[in-house]
Amino acid sequence: MRGIRFALCLAVFPLVASAHAATPSEDLIRQGEYVARAADCAACHSVRGQPPFSGGVPFDLPMGRIYSPNITPDPDHGIGSDTEEQFARAIREGVRKDGASMYPAMPFPSYARLTDADVHALFVYFRYGVKPVATTPPASTIVWPLSMRWPLTMWRGMFAPTPRQAAAKTTQRSFPDPVLARGAYLVEGAGHCGACHTPRALSLQEKALTAADGDLYLSGGGSVDGWHPPSLRQENRTGLGRWSEDDIVAFLRGARASEGSAFGGMADAVQHGTQYLTDDDLHAIARYLRSLPARKTPDLVWKYDPTTETALRRGDVSARGARVYVDHCAACHRDDGRGYPAVFPPLAGNPVVMDEQPDSLITLLFKGAIVPASHNAPSAFVMPPFAHVLSEQQMADVLSFIRGAWGNDAAAVDVEVVRKLTPKESGAGGVKMPLN
Amino acid sequence: MTTKNADAIVVGAGWAGSILAKELTEAGLKVVMLERGPDRATAVEGAYPDSIDELRGAIRHRLFQDLSRTTVTIRNKIGQTALPYRQLSAFLPGEGVGGAGLHWSGVHFRAAPDDLALRSNVIARYGQKFIPEGMNLQDYGVTYDELEPFFDKAEKVFGTSGEAYKINGKVVGNGNVFAPSRSDDFPLPPLKDVYTANLFRKAASDAGYHPYSLPAANASRQYTNPYGAQMGPCNFCGYCSGYDCYMYSKASPNVNILPVLRKDPNFTLITRAHVMRVDLDSTKTRATGVTYLDLDSNKEVTITADLVVLGAFQFHNVHLMLLSGIGKPYDAQKNEGVVGRNFVYQTITTSRAWLPENQFTNQFIGTGGGGVAIDDFNSMNFDHGPHGFVGGSPVWVNQAGVKPIAASTIGGGKDAPRWGAGYKKALVNTYRHAMAIDAHGSNMAYRDVFLDLDPTWKNTYGQPLLRMTFDWQDNDIRMNRYVVSQIEPIMKALGATKYELGMLEPGKPFDTRLYQTTHLGGGAVMGDDPNTSAINRYLQSWDVPNVFVIGSNAFPQGMGYNPTGMVAALAYWSAHHIRTTYLKSPGPLVRV
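Read top to bottom, the protein sequences are chains A and B.
The numbering of the first sequence is this note's numbering, which starts it at 1 and goes up by one.
The numbering of the second sequence is this note's numbering, which starts it at 1 and goes up by one.
No lab work stands behind these hints: they were computed from the structure.
The structure displayed is predicted, hence computed values, not measured ones.
Hints are not guaranteed to be accurate.
Stated by the list, open to error - Pairwise CB distance ranges, derived in the manner of DEER restraints: (1) A:R313 with B:F364: 16 to 22 Å; (2) A:V317 with B:P506: 48 to 54 Å; (3) B:G413 with A:V317: 31 to 37 Å; (4) B:R286 with A:E84: 54 to 60 Å; (5) A:R242 with B:H576: 53 to 59 Å; (6) B:F364 with A:N376: 37 to 43 Å; (7) A:L216 with B:F364: 51 to 57 Å.
As the list claims (entries may be wrong) - Here are the simulated lysine-lysine pairs, DSSO-like style, with alpha carbons at most 27 Å apart: (8) B:K263 with A:K131; (9) B:K30 with A:K131; (10) B:K414 with B:K263.
Stated by the list, open to error - One side only, chain A facing chain B, incomplete, derived with CB under 8 Å: (11) G99; (12) M102; (13) Y103; (14) Y340; (15) F344; (16) P346; (17) A377; (18) V389; (19) L390.
For every residue, glycine included, the Cβ atom is placed at its ideal position computed from N, Cα and C.
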């Protein structure tokens, strides 16, 4: 951080002058804002309650904590003194103005695909459409020698494509349908969906950056803050195999669809980003995602099994976890596990419920979750936390029950797994609750 | 003292205030809404399972008014010294965002057309002399047909479940045969009958009456209202009245309006802002804004605005008018003046049937607005001639979920032992096999029933408390006793092994210790005559035309129906005329 500030001081004079030279059109600024939303810049650079894009979002890496920088146009604290060329290099190549490499928390391997036009619009937006904020986020806690940046340069060289390579794989790839091409651009590029939904190697690079890199792409990522990003491929049970194009569009527009609701990290992604995308772009994303074949074979088909529903309707709660389910979950998710579409999500056939990794389910029980309000769907819905109500054993039981019921047939959850994955803080912590 | 400016100030964040704030921001006004209580959200107040804690909720009054800061005083008769209402019991005003609209049950009626012109109707049918001495019987000055579009709008915003009888003059279903024609169906189908409601439906029909499903703002399925706000479906958990609905299925300002309103850049909500008075200019005919006490800083703040809307609870609106000098205070000796006049309540008594022990009534199940009712003895639906009283009463099974502590206070009926094994046995028997039938009746207005400023008691802010002078009157006692006596054939048709008819007792004064209803009304009523009403037919103050007073304070007498549907319709009606007429040319909307 100090390095950046020092470099900024040197560079301030000529750049401030040039910043005043041009007056871009309002349309271009709005286009840049749209790209910023599609790229979900706010997810990492805005803290709730702080001015937009003033940075300070913490990232806990194995070697310490880093904070996202201020990317407002303030010349001393933000990026107001960057030239467009420097800005473009940062976005697409992960190279700071001082030449040092960024941590790959910045999804530059995905952003490498952004077109010159979109990068230009983004630059204009961050120069003229964002209010400058004169604050600097806390310094990184990574100490020397781990704080040295040269290994990151090597990482970059090995794992991040150059914009030219990236373009070759995305925008210049041939698609049968221009809508699919647009979808690929948004998902693989700006949307950087793979940052969460693609598995990463030990050396932290995404194992695939595009659909062309193989079927690991978007096949489900590693857990972040207890939330496990599921596969976005066409697996019938654990992916989007049973989601229609309209379901995916509804989900991205309003965080809720008949097949499921957004929570955890995806709630933020909808709130900052996808709710603002045009219907055309959302359909492009949906169509592209639906073009990614299932990775797992054989791809077992989920089929509703009424046995659990019949038993619960009879008042039979003898199955392990059934009693907890009826007392704490069934009001919203119902005996038949189907929930109330677009209000309370179904558990029957929900890919999150059947995922091999039960992390999200455990975090949901512990912390609860918020389906956020958006301008398309102004009502937020909150699942309350149950950490103060249920024991770890009861949680394991009820999750095993849910994963086994209604044809879900997913593996039971051992109490040891619940213990291991117990979030350090129960409850929603500092999360601001929606007011409805 | 600091001064902020707004186009309009809305006092109170309940239904009336939220509807007005929504409408006025839609009209492009900068609106500041002031609420003296805290902000409230289903995510917090309704977090399951903590939310359905009866001790914390209904018994310890989680969502109700904090009487330690300000309350009312109550006396039965002129000449008595009123005493402060220190413990919530007879009625339960709300506090905090959502107001009483957050903790209400959900029964959502349209007014009966005859009730809106009750004086004219009684005179037309029975002559002037039929009106008892001392009764201030009045018309609303607005008709059902005028209000119909606003009843319709309110139902669509609330997500109301019900069954229509007549739409555009054509009979369409098995709804209430006494209900007026509607322009559209209910937005949601009726809630299912719980067992006791279904028994009542059959028994009432056998007795020759006309049962119908209660209209309920408890969503029978998931719903998205015209604002885009969503509701979940009711699961009959029984935690409606006194609680924030964890299923998001009971309509509330918090769920149905505020999610949209809060996003409007023209809207500002200030909580913990206790409004002290509406500020008037030197002519006392124009409001300049309001002054409130910021309960966190303990400092007074004045906001100026062109328009002031009082949307607080019924008696708080009247209190604010008296404290601010808006309108002439009522003088009971002379029956003159309008603010405090026609303070009304409702006559509510519960009758109970005990069924054979093989019939389990499952009273823990329920929904606040659901049930089955008859209107055969409500409003002008029956001949009052032989009875000599004015008013009426719907009768219903509105099983809203009997919670354990409440069940223990019901006990085992009048003859049951008050303690010991006999008490327990009767208590259990009642909980398992009894059902309640309510007569939820009107209460007329009288010269010597009114509101004024108490000469003795002050609130914690140094202002005189509002004083209620209230007692039951012969007309209403006789009305109640007549209607309840008509429940007897239903009891017989139910096959009750035992039943008790709950009636008002002549000579027994109003008892503040027993919960009756929170349906208080009047005190600043609407009408066509400034000598008998405080506000005109658009709910605009006759004396200070840039002040509108929205709420059940506008009811000239207490109707048999629950008031919220009428309050919401009046709010939309008033807002419509503010938007279409008043804002274009501010001034009195009615000239006498």
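Now the hints, each set against the structure:
no. : hint                           : in the structure
1   : A:R313 with B:F364: 16 to 22 Å : holds, 19 Å
2   : A:V317 with B:P506: 48 to 54 Å : holds, 53 Å
3   : B:G413 with A:V317: 31 to 37 Å : holds, 34 Å
4   : B:R286 with A:E84: 54 to 60 Å  : holds, 58 Å
5   : A:R242 with B:H576: 53 to 59 Å : violated, 46 Å
6   : B:F364 with A:N376: 37 to 43 Å : holds, 38 Å
7   : A:L216 with B:F364: 51 to 57 Å : holds, 53 Å
8   : B:K263 with A:K131             : holds, 21 Å
9   : B:K30 with A:K131              : holds, 24 Å
10  : B:K414 with B:K263             : violated, 53 Å
11  : G99                            : violated, 43 Å
12  : M102                           : violated, 35 Å
13  : Y103                           : violated, 34 Å
14  : Y340                           : holds, 5 Å
15  : F344                           : holds, 6 Å
16  : P346                           : violated, 13 Å
17  : A377                           : holds, 7 Å
18  : V389                           : holds, 6 Å
19  : L390                           : violated, 10 Å
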